[in-house]
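Novice: Since chain L is already given, all that's left is putting chains X and W on it; use the hints.
Protein chains in written order, with this note's numbering: chain L, 1 to 342; chain X, 343 to 542; chain W, 543 to 1211.
These are computed hints drawn from the structure, not numbers from a lab.
Built from N, CA and C at the ideal position, the CB exists for glycine as well.
There may be inaccurate statements among the hints.
Stated by the list, open to error - The calculated lysine-lysine pairs, modelled on DSSO-like cross-linking and capped at a C-alpha distance of 27 Å, are: (1) L:Lys75 - W:Lys989; (2) L:Lys292 - L:Lys307; (3) W:Lys1135 - X:Lys359.
To be verified - Here are some, though not all, of the chain W residues that point toward chain X, as calculated from beta-carbon distances under 10 Å: (4) Ser625; (5) Val741; (6) Pro756; (7) Ile760; (8) Asn761; (9) Asn777; (10) Ile781; (11) Leu793; (12) His815; (13) Leu816; (14) Lys1141; (15) Ala1193.
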Amino acid sequence: MKHNLYMTPFLVISITAIVVLPNAVQASEAPLNYFLHSYGPAAKPTMYLGWVLAGLSVIICIVISLLLLTAIIRKRSRSDPYSIDREGGGLLWIYIGTGISTIILFGLVIYSSMILNQVAKPTQTPALTVTVTGYDWWWKVEYEHDDPTQHIITANELHIPVGLPVLIKLKSADVIHAFWVPKLAGKTQMIPGLVNQQWIQADMSGIYAGQCVQFCGAGHAHMGLEVIAKSPQEFEDWQNTQRKTAMLSFKTFEDPGYKVFMDQCAGCHTIRGTEAAGKHAPDLTHLNSRRKIAAGLLANTPDHLKKWIMNAQELKPGSRMPSFALSNHEIAALMLFLSNLD
Amino acid sequence: MNLFDHNRSLPIGSDAKLSTGWWGVLALIVTESALFAYLLFTYFYLSAQTEQQWPPEGLPSLTMPIINTIILLASSVSVWASEHYIRLKQIRWSIGLMALSIILGISFVLIQLIEWHKKPYDMTSDLYGSLYFTITGFHMCHVVIGIVVLLLLLVWLSLGYFDDRRHAAVTIGGVYWHFVDVVWLFVFATLYLFPYSDSV
Amino acid sequence: MAISDKKHNLPDNRLERVPEYGCAPTGSTVEMRLAHTWECNPGWRGWFSTVDHKTIGIRYLITAFIFLIIGGIEALIMRAQLSLPDQTLLTPEQYNQLFTMHGITMIFLYALPILSGFSNYLWPLLLGSRDMAFPRLNALSYWIFLFAGVFMYASFPLGQAPNAGWFNYVPFSGPIYNTGPNIDVFALGMVLLGISTTVGAVNFIVTLFKMRAPGMTINRVPILVWGTLTASVANLITIPAVSLAFLLLWLDRQVGTQFFDVANGGKPLLWQHLFWIFGHPWVYAIVLPAMGIVSDALPTFCRRPLVGYTAVALATMATMMFGFVVWVHHMFATGLPTISLSIFGAASMAISIPSAVAVFAWIATIWLGRPVFKTPFLFFAGFVILFVIGGLSGVMVAAVSLNWQLNETYFVVAHLHYVLLGINVFPVIGGIYYWFPKFTGRMMNEKLGKWSFWVMFIGFNAAFFPMHIAGLLGMPRRIYTYSSHMGWDTVNMITSIGSFIFAIGILIFLVNVMISLKRGVLAGSNPWDAATLEWSISSPPPAYNFAVIPIIASRHPLWENRLNESSERSSLSEGYLLTAGHETIGTSPIDAKPQVILKMPGDSYIPFFVGLFVSLLFVGLLFHWWSFIGVMTAACCITLILWMWPQKSLAQRTVFNADHSSQNNSEKI
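Chain L extracted, bound-state conformation (with noise of 0.2 Å):
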């Protein structure tokens, strides 16, 4: 009887096991995934360092989690519980427990050391730099060129070149924020008045999820970004298309759709090429090439694009973006003046 009350810890850790793991097959493909899936040198050697440590850390548990219940139930000889037994002895136990715990200790010591230098820093110079800054909620993204016109600025969306190590300057206009794309490396904390920074590299061509990891207010939850990494090439081509200005066909008041955005976004936003100039919110001048709206809340079709710009508050509580009252007219035309930009 009382050896099946005290299999019930077992009890619950399989069952829970077998609820979990099925799931757990389903979860392995979450896209913040870092513990299985991590990918490129900045991020590779600290996931084999997380097995190791988990592995050693339930090996451990379960090592302790017997030699705790053994002395629970182990056969006593005696039964008096009047007698009292003298204080002496047991000290070896502290000695061989400690002995091993501090030499295991000292091998994860320096293999954790190793591994941070491992990781620290690129091998080779970065190709190219980078630089992120965080904004209550969502994230600039430039990248500087020695003339000026050359100069990219997107958002929520950092395209890399695939194999190449990529230095990240890490600024915040506001709160601090944490830059994380944990399949490519650890966070790194976005300070205001600090300039940070960080490198990441990716082996293969994909789209890799961020997050703000650093409370920041009421955006935090919804404060994601995409760092999409692909071949040399196709990141030169993507490079010059941002770095042309909007090519509207009209961008005199005359147009409905540009008369509303200038009366109502401007402010805010940047076009490349018009009088908008705003520099609070995203820069909207290829806003078509993005794949996502919103710092990674809504994927960029035309649909969930008015939705944002009429319930902003209600798709991003609190967001800087507000609800626009605008007018079936209205938004039509400011529907129709952004399809325009490519």
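Specialist: For chains X and W alone, kept in the frame of chain L given last:
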């Protein structure tokens, strides 16, 4: 059987360094020292990273601060002497010296107020001003509290509460005053001497 | 009884005397005199003026437990919000206030105060004293804690509660991004609470060094005392850091200073340093006394003394020593130089070594002992497992590059809950089951007790273990919702279910307390056959604690005859009587030789009023009522002067000059 000679006579109550109050004030001093350590850490942390003119008025003038430091140290000596004379049963000397300490303490406060007044910045004008006035302000609070304590001791001495055998309050209040003075040396070194180290 | 009158006529008998020595069985004149002297006023007057450490200890326990329940309800609301993806039960702002208040409540208003409750109640009983070193300060520390707690909750009903997380990073908590009163309430409340914690710490330290029973040398004090001592020293050294940080923040917000103002050269990282210089040692301050509870109470249920007393005591202090120098491990992602990170990472891993000492000491104690499966034992044994899990996840987050992944995810949330609930709540509940008979004179119900343990233990692991997984799947902490495609649905659902099961466990415990208070079996003085001094006196203990101050000869005064380790025996029924008013014995700091007869203050309203005026002063600061602040400062000064005024009854001033009946005696001296 018994571990102690329980026929030994023991002092009763607040007996100077046997009193709990003495231990209490030592603990208070530990925590207050930590507070000042963090204040000075804040100063050094911010000054090491600043790009501003530091201090804004250039190197601080040392004459008055040095005089003031001497005044404060003198008050410490006289508090010590005051306690010493109680032990010698010369209460009048003790009272006189305590009064002198208070006068010296108040002089320190007045001179410090003049120093504050002369500064071209205030707490809100720049980072240095915030630091300068917060640190010296914290110290000033401690000096004022210390003066109140010394005043109480003076009153109690004058009322004849203490004699050569019973004057724990003087010992306890005195050590607090010494602490306030020692802290000033660190504050002084940080705010007035440290800026010179860069210019050497 | 054995009070000698022969020295009564010597001229200095009020400054020095041979302490009366003898026995004082219950009902004897001496015992009745003690009871008369020490019992506090009845009714509301006694309620406001009592300085009895037992009353204060119980108040601490109850108040802190109420805060635990409040913080728990906040957690349950959050778990309801997170149980499914894309829920809209809460707005982000509501969620942010809830998690902030949950953190503040649990970490500041529950975790340390509950341990202060145990220590307040138990220290004088464990150490063989009649009260704490500063009984009035003790009362003050409670009142300020209570007022600070109410203060920090005052803006909650208005929807303006602190909302920047319990570590409150600037500039988000600064004047630009947080314009309401939310953060001011937190900042001032923390400074106020800091006063309470500091005076409490001073009291514990002085009590330990001055108030131990004769013969209780420093290597004979219980581990709980070591734990609380270490925590108190840490508080003394680190509380100023956080009080200063919050004060500077308040100045930035309300006066216009620029410490954290980025535009004018202020540095947000300064906040992180000051906060974590405090924050990390604090984490140890809220677990070391709880570990002490286990180290002291577990042996009772193993029928043998703790294995490796000295090692465990030293490990307790070593943990704190390391604890002072590892604050940077909360800041690994702030861009500090790699070399310093690896040093801080190594130091953080090294903390596990003293923890390992304690774990193996507990296991060895159980292994070599003969466990008695009472409820407290279950809590202590369960605690060991949770401690190990929390410690191992701690080693994982101490590895710098892995920390860059794990930090600020749910993995850290899991880690800190294993540490804080596992190492604080489980020993605390176990401790209440253990000392409840001493507190109330009645036993708690065993059957409900076992139920409460298993429900809590299972609920706890179901709630918090999946959080590790959520963290490994990349779930950031402090998000008010998440979308389904992130793959976090299952783990969150399990966590939410587990948290409600855990809450049911706490509820069973509370029901047990209620039932046992009225109908529990009468306990007698030593129901568990335990070894330490508190069990040598009746349950609940009399107002004066010990009719005679015992004389101690070993670590286990009540087991001496059975352990028979030396010929020396503690003397529990014969010792110093000290009946001339509120008196107890003061001893030397290390070897506890009697040094002085300490005069203790009686009941006093002053602590209540000082606490009230100080708290009102902070209310004034919050609203910028400058003249009100002036009045309150003056009121504080006056009450403090009254407090400090040397009293004859406390032998703080010379008796003869002021004593009207013997005014001429002063000439003779």
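Novice: Next, verify each hint and record whether it holds.
Specialist: To see whether the hints hold, each was checked on the structure:
no., hint, verdict
1, L:Lys75 - W:Lys989, "24 Å, holds"
2, L:Lys292 - L:Lys307, "13 Å, holds"
3, W:Lys1135 - X:Lys359, "15 Å, holds"
4, Ser625, "42 Å, violated"
5, Val741, "9 Å, holds"
6, Pro756, "6 Å, holds"
7, Ile760, "15 Å, violated"
8, Asn761, "15 Å, violated"
9, Asn777, "8 Å, holds"
10, Ile781, "7 Å, holds"
11, Leu793, "7 Å, holds"
12, His815, "7 Å, holds"
13, Leu816, "6 Å, holds"
14, Lys1141, "4 Å, holds"
15, Ala1193, "2 Å, holds"
In summary, the numbered hints that this structure violates are 4, 7 and 8.
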